[in-house]
Every structure is written in structure tokens, then in C-alpha cells.
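Visitor: Sequence:
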Amino acid sequence: MIEIPSDLHKDLVPLAFLLGNWAGAGVHDFPGSEKCNFGQEVSFTHDGRDFLEYQSHSWVLDKDGNKVRPLESEHGYWRIDAGRKVEVTMTRDDGVIEIWYGELADKKPQIDLVTDAVARTAASQPYTGGKRLYGYVKSDLMWVGEKQTPEVELRPYMSAHLKKVVTPEEVERWAKALPDDMPDDGIAFFK
1 MIEIPSDLHK DLVPLAFLLG NWAGAGVHDF PGSEKCNFGQ EVSFTHDGRD FLEYQSHSWV
61 LDKDGNKVRP LESEHGYWRI DAGRKVEVTM TRDDGVIEIW YGELADKKPQ IDLVTDAVAR
121 TAASQPYTGG KRLYGYVKSD LMWVGEKQTP EVELRPYMSA HLKKVVTPEE VERWAKALPD
181 DMPDDGIAFF K
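Going by UniProt numbering, the residue at position 14 of the sequence shown is 14; the numbering climbs one at a time, nothing skipped.
Worth flagging that the hints you see were computed from the coordinates, not collected in a lab. Hints may be right or wrong, so weigh each one.
What the hints assert, rightly or not - Taking CB as the label site, the calculated pair distances span:
1. V166 - K107: 23 to 31 angstroms
2. V13 - V68: 35 to 43 angstroms
3. D7 - E172: 12 to 20 angstroms
4. E172 - Y101: 37 to 45 angstroms
5. K85 - G129: 26 to 34 angstroms
6. V114 - A82: 29 to 37 angstroms
7. G48 - V118: 14 to 22 angstroms
8. E153 - D7: 37 to 45 angstroms
Built from N, CA and C at the ideal position, the CB exists for glycine as well.
Use the sequences and the hints to build the structure in full.
Guide: Below you can see the structure in the form of C-alpha cells.
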């Protein structure tokens, strides 16, 4: 279910499907890096202004699904204009700062992004750009990232399948919003 908060900036309504906390797992594979499964937590929040705040933390998983060590962290801001053009500014823990541009697909919750500008610190690994695809599929958030370096052509390197995380506060809010005349047996509700 996509919920549109009453205090969400009107320009961000097309991005409301991103809002919330998400968790799941994916695969990381890029030449020169360890191929691994990873866990990920992502949050998209807002404070009433014309952007979504984005945070992502991922970590390497062992064969049993246990956390081994951090993999990568990102922090950014997402905006959308009236023409459904999306812009993202993002900072990564490895010393890379990116500006992404793309657009929200017509009639479906899918965003295609490509880097427009990349800045790197001296300590960061070589990186020249990337692409990302985010999609809201059957109430889940799925994404795939591609990247390129001076030595490696643009290719997929990470993808994940994330589920919405429901907090106790959300459950309480939903429970308070239920109508008083809900059937006791639950069966009548579906008739």
C-alpha cells in the first residue's frame, strides 16, 4: 500500500512509493572486488520540504546470512520536477560524490537514473559513472546499479530486493484508523 503523508511536499507525491524504511538482500559483483551477497537497509524520509532524504547501509553476508562487515553507505537527496525529471545528489562513504539525473516512468513507479557528474577524493577507488534503476514491484522496492571505471566498461555491479519495514508506531496508527464496525470473525470483511 502506498501512503501519501498529508505533510508531504506536493511536488514529491509521484515519489511517495519510495517513502519508508526498507530492508533486504542482494548480490555484489564487480571486477577487482569480492563477489558477495549483501544485506541492505534503506530509508527515504521527508520533512515537508521539496526533497526526499535518502540513506543506505549495506554489509557483506556470509553463506548463512550473517553480517560480516560493512560494504557501502550512501546519503543523498532526491527531487522531482513537474516534467517527472528526477535529480539526486549522493555522497558515498568511499569518497565519491555524484549528481544523478533521470526520470520517473510514465504510469508506473520506476525510476531510471544516470550520473551526470562525479567528484572523487584522493582516497577513493577509480570510478567514472553509473546507472541505476529503481522499481516498486508488488509492494517491494527493487533496484539494480551499474558502474564503470577507467578500466571496466559500464556493467551491473549490485542489485537488491527490499521489503518495507513496518514499525510498531505504524501498526498502532493503522489500528487506530480501522473502522469501529470491523467484523469480529474477519471473514465478513472479505465478502
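Visitor: Give me the numbers of the hints this structure contradicts, sorted from smallest to largest.
Guide: Hints 5, 6 and 7 are the ones this structure does not satisfy, whereas the remaining hints hold.
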